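Between the sequences and the hints, there should be enough to build the whole structure, so can you do that?
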Amino acid sequence: MRDLLSDALNRLSRQDGVDYADARVVDDERESLLCKDTRVERHTRAQSRGHCFRVLYRGAWGFAARPDCAPADVEASARRALEVARASAAVNRTPVRLCPEEPQRGTYRTPVLADPFAVPTERKVRDLLGPVSDLSRRAHVRTAEGRLFFRRSHTLLLTSEGTDVEQTITHGSSGIKVIVERAGEVQQRCHPMDHDGGVAQAGYEMAEALDFAGQTDRLHDEALALLTAPPCPAGETTLILDTSQLALQIHESCGHPTEGDRALGEELSLAGGSFLLPDLRGKLQYGSPIVNLTADSLTSGGLGTFGWDDEGVPARRTPLVVEGRFVGYLTSRETAAKLGIERSAGACRAESWARVPIVRMINVSLEPGAGSLEDLIADTEDGVLMGPNKSWSIDDVRLNFQFGCEIAWEVKHGRRGRILRNPLYTGITPEFWGSCDRIAGPEEFRLWGVLHCGKGDPMQIMHVGHGCSPARFRNVKLGAAR
Amino acid sequence: MTGGDALLSRFDHVLRAGGADEIEISFLGQERGTSRFANNVLTQCTEVAERTARVRVALGKRLGAAQTDDLSPDALGRCVRRAVEVAAAAPEHPDFRGFPSAGTPVVDLPAISTAAPDDRAGRLAPLFDRARDHGLTLAGSSWSMVSEVAVANSRGVRAHALRGGAKLEIIASGPDSSGYASAFAADLATIDQASLLEIACDKAERARGAVSLPPGEYDVVLEPAALSEVVEWLGLTAFSAKAAQDGMSFLCGRIGQPTLSESFTIADDATAGDATHAPIPFDSEGVPKHRVELVDRGVPRGWVHDSLSAARDGVQSTGHAAPLGDDMSDGPAAADLVVGAGDHSLDEMVASVDRGLLVTRFHYVNGLLDPPRAMMTGLTRDGLLLIEGGKVRGGVRNLRWTQSILEAFARIRAVGRERRAVPTWWSNLGAFVCPAMLVERWKFTGQSR
Chain W
1 MRDLLSDALN RLSRQDGVDY ADARVVDDER ESLLCKDTRV ERHTRAQSRG HCFRVLYRGA
61 WGFAARPDCA PADVEASARR ALEVARASAA VNRTPVRLCP EEPQRGTYRT PVLADPFAVP
121 TERKVRDLLG PVSDLSRRAH VRTAEGRLFF RRSHTLLLTS EGTDVEQTIT HGSSGIKVIV
181 ERAGEVQQRC HPMDHDGGVA QAGYEMAEAL DFAGQTDRLH DEALALLTAP PCPAGETTLI
241 LDTSQLALQI HESCGHPTEG DRALGEELSL AGGSFLLPDL RGKLQYGSPI VNLTADSLTS
301 GGLGTFGWDD EGVPARRTPL VVEGRFVGYL TSRETAAKLG IERSAGACRA ESWARVPIVR
361 MINVSLEPGA GSLEDLIADT EDGVLMGPNK SWSIDDVRLN FQFGCEIAWE VKHGRRGRIL
421 RNPLYTGITP EFWGSCDRIA GPEEFRLWGV LHCGKGDPMQ IMHVGHGCSP ARFRNVKLGA
481 AR
Chain E
483 MTGGDALLSR FDHVLRAGGA DEIEISFLGQ ERGTSRFANN VLTQCTEVAE RTARVRVALG
543 KRLGAAQTDD LSPDALGRCV RRAVEVAAAA PEHPDFRGFP SAGTPVVDLP AISTAAPDDR
603 AGRLAPLFDR ARDHGLTLAG SSWSMVSEVA VANSRGVRAH ALRGGAKLEI IASGPDSSGY
663 ASAFAADLAT IDQASLLEIA CDKAERARGA VSLPPGEYDV VLEPAALSEV VEWLGLTAFS
723 AKAAQDGMSF LCGRIGQPTL SESFTIADDA TAGDATHAPI PFDSEGVPKH RVELVDRGVP
783 RGWVHDSLSA ARDGVQSTGH AAPLGDDMSD GPAAADLVVG AGDHSLDEMV ASVDRGLLVT
843 RFHYVNGLLD PPRAMMTGLT RDGLLLIEGG KVRGGVRNLR WTQSILEAFA RIRAVGRERR
903 AVPTWWSNLG AFVCPAMLVE RWKFTGQSR
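Quick mapping for you: the protein sequence lines, in order, are chains W and E.
Per this note's numbering, the first sequence starts with residue 1, numbered consecutively.
Per this note's numbering, the second sequence starts with residue 483, numbered consecutively.
No lab work stands behind these hints: they were computed from the structure.
Among the hints, a few may not be true.
[Said to hold, decoys possible] Far from chain W by the CB rule (all over 12 angstroms, computed), these chain E residues: (1) His495; (2) Gly501; (3) Ser595; (4) Asp669; (5) Thr741; (6) Ser745; (7) Asp778; (8) Asp825; (9) Trp924.
[Unchecked claim] With beta-carbon atoms standing in for the labels, derived distance ranges: (10) W:Arg316 to E:Arg498: 51 to 57 angstroms; (11) W:Lys283 to E:Gly876: 29 to 35 angstroms; (12) W:Pro111 to E:Ala671: 51 to 57 angstroms; (13) W:Ala225 to E:Asp684: 50 to 56 angstroms; (14) E:Arg690 to W:Ala225: 47 to 53 angstroms; (15) W:Thr38 to E:Glu699: 45 to 51 angstroms; (16) W:Arg2 to E:Ala754: 49 to 55 angstroms; (17) E:Ala488 to W:Pro111: 42 to 48 angstroms; (18) E:Gly559 to W:Thr38: 30 to 36 angstroms; (19) E:Gly580 to W:Ala213: 33 to 39 angstroms; (20) W:Glu323 to E:Arg923: 42 to 48 angstroms; (21) E:Ala598 to W:Lys283: 43 to 49 angstroms; (22) E:Gly876 to W:Asn10: 55 to 61 angstroms; (23) W:Ala213 to E:Ile737: 33 to 39 angstroms.
Please read all numbers here as calculations on a predicted model, not as lab measurements.
Think of the CB as a built atom: it goes at the ideal place given N, C-alpha and C, for glycine as much as any other residue.
Here it is as structure tokens:
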């Protein structure tokens, strides 16, 4: 396949008017298991293989992809990508330029202790179905469910500039949830997080570390407690976010608005824009002086970790917010050039062989402060501790957000108190981050991620990482979701 | 596209080879050309062919599945063997009664090829020029697609369909405002793009110099695109048997009880297509999609089923197994929701509002706050306009709303007589047919920009 792709790319690159071209072939393997109560509801193994060409012709892009990989198919895709680019060039007046990047060569492979696709199927079913069945038989349980997902993708990327890199990335997720009901009240508890569950770039060891069997008593107890807990009171107070919720807060209110294409107005047709406009870079006070947010693709185990992005830019670290000031963007080579940034942040990623690479998050993380979560609680006279996430919503420029969480605890006089149900909080991004007055230390730092971040048209579902320690925010508007 | 005869004969070969007590093959293929644009420039133009075949097998009542995009006999054979490995490790599924039986007709809808790249680009160029004349910039996308769906199983089901679909979506932006318009059709050439452009530009121009309104309750006229966002979340959180069986649907405990306004009727109805919107008439198990009354004149009536959820409730499948490629649904999916039409025009509804808001569309609605009470939140976007004295005035800065849709839809004052198909953003195979709707006292809870 390498030779086929390379030959077609060479022919494409020699065409008159072609400024740049790249070719990718991706072999993809997935496994998805859903257990519900005492049954396996769905268990699927999936394989996919395909290739694509992207070409910049007289400053306009074209892209074509197809699953077949015979010589005639590869040639047809290259030809089609050029046709698309030519059609675009006939309309566009301003040519695209790419910021420079040295050609890359090499390989990257996720360190995996236990190959998830080699672990016996029976064991995977047993490991998940056991705790789910246990939960399903307990008092007032309406339903219990568990999920396991693994994906391994092998990508070969060749570019007309001489880049030739191969990557094999393995990542997965797993989580369990229980829904309880009594007297018309319905509540849920999950571990470690709803939706995707715990996520990591790793092998089956990731799922084993989640210790579902050790969590079932706590989950059931807390779910029952939520049935009769008082609603989270509305009003302004001090808010402590656990890492699972803070990760999504970072995702929505820092990750997305620092995407260079959004700032340039190029994502308006689906995901929206950004309040972090180009002329605010280096000037806007985004958060308090203790807030430092960084994009990187180097952190071990992150969903945004790799050797190179999907246009061959090597993994690197880019500060986004330094001491509260907005300083950087997530960029591709194209958006970096448009924003007047010297080098790409290496954040140009594609969901699969069938999608064009676009600006995506990598690992966007909050730098830790000092102390433990318990220190943070002990230092809080009156407030609320919340997490994990239950619902999320933010406006089209990423300013006005609202998050609902599964559970909250009252914090009074430095102690964690009673459970509160249906908590939610809302705010405006820079005001919220400006109210951050304490961040716990490295010992509390945890790398989370989002497996289903949607963006683009056609839709692309991307996996991205977020690390953080618990943090405290003052004067946050809270409410109850009812 | 492969074509029905070629696909089904290939699948017959796999079914004849056997390897499990029962086998089902479900297929989705799509060819799509997309032109995205922003700042009056084409930004992402793509031509993509994709396909996937899912093989499900049953060993007695134990189920397994495997997927591939390689349709060669060897690859499909490997897929069967992999599905058998998965099934062998599963306990018996208590709700499995066998894959659906024969009786599904083979249906072929007229297919339309995708628009060529230069055709799409050429259509967009004059829109950019016109927007410049307005002093506005355009963002959006134009796509056309052909979808091919097929299902075959060892109980004799044979189903195949081809469908064309196209969409043009425009956001016109000025210095401090934006406006939105979109259209969905079977063929890109039939979309009146000049009219859409004028609507989007008119919205953006009317919204200039937007004022801030304090949060509170306002009567709202929801245009079809706005209503479709709410309907979409009702589909995910309430109208599927999974939501009901989990106790998370607002329909639970309310079946047969007057709950919403008598003006509100909604069904999942893939038989209600027209020239702009022709749904695939069977689901990914090959079962014909039946019209399912979900709420009839304010009274909850039921939810949609696939074969497993139906067996659990002791009823027949309604033909709503989730389409292949739908990662959002864990069970049956209500992907062809149709809201009943009323007898008012949009202008009549606006004229009846003393002080309220005309909502072009919503953004980032989320229905997971408290699904049993249909609590949702969301924001306005791309054209929030003040209505005073029955007339549309200037723009209003975007607002957040948070409320129970149960309560809101008990306050429907009028429903539009004209309806529009609005495609779902999460699936290329579904669209929601919605009218405009006038709802009293919509609860806005926060301000945006």
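Against the structure, the hints come out as follows:
1. His495: holds (19 angstroms)
2. Gly501: At roughly 15 angstroms from the nearest Cβ of chain W, E:Gly501 sits farther out than 12 angstroms, so the non-interface label holds.
3. Ser595: Its Cβ never comes within 12 angstroms of chain W, the nearest being 14 angstroms, so this holds.
4. Asp669: holds (19 angstroms)
5. Thr741: holds (14 angstroms)
6. Ser745: At roughly 25 angstroms from the nearest Cβ of chain W, E:Ser745 sits farther out than 12 angstroms, so the non-interface label holds.
7. Asp778: holds (24 angstroms)
8. Asp825: Answer for E:Asp825: holds, closest chain W Cβ roughly 33 angstroms.
9. Trp924: holds (16 angstroms)
10. W:Arg316 to E:Arg498: 51 to 57 angstroms: Once the Cβ atoms are compared, 54 angstroms apart, the range 51 to 57 angstroms for E:Arg498 and W:Arg316 holds.
11. W:Lys283 to E:Gly876: 29 to 35 angstroms: holds (31 angstroms)
12. W:Pro111 to E:Ala671: 51 to 57 angstroms: 53 angstroms Cβ-Cβ, so the 51 to 57 angstroms window holds.
13. W:Ala225 to E:Asp684: 50 to 56 angstroms: holds (54 angstroms)
14. E:Arg690 to W:Ala225: 47 to 53 angstroms: Taking Cβ atoms as reference, E:Arg690 and W:Ala225 lie about 52 angstroms apart, which means the hint holds.
15. W:Thr38 to E:Glu699: 45 to 51 angstroms: holds (47 angstroms)
16. W:Arg2 to E:Ala754: 49 to 55 angstroms: holds (50 angstroms)
17. E:Ala488 to W:Pro111: 42 to 48 angstroms: Cβ of E:Ala488 to Cβ of W:Pro111: about 44 angstroms, so the range 42 to 48 angstroms holds.
18. E:Gly559 to W:Thr38: 30 to 36 angstroms: Taking Cβ atoms as reference, E:Gly559 and W:Thr38 lie about 32 angstroms apart, which means the hint holds.
19. E:Gly580 to W:Ala213: 33 to 39 angstroms: Since the Cβ atoms of E:Gly580 and W:Ala213 sit about 34 angstroms apart, the hinted range of 33 to 39 angstroms holds.
20. W:Glu323 to E:Arg923: 42 to 48 angstroms: holds (45 angstroms)
21. E:Ala598 to W:Lys283: 43 to 49 angstroms: Holds, since E:Ala598 and W:Lys283 (Cβ atoms, about 46 angstroms apart) stay within the stated range.
22. E:Gly876 to W:Asn10: 55 to 61 angstroms: holds (58 angstroms)
23. W:Ala213 to E:Ile737: 33 to 39 angstroms: Since W:Ala213 and E:Ile737 have Cβ atoms about 38 angstroms apart, the given range 33 to 39 angstroms holds.
Violated hints are absent here; each numbered hint is respected by the structure.
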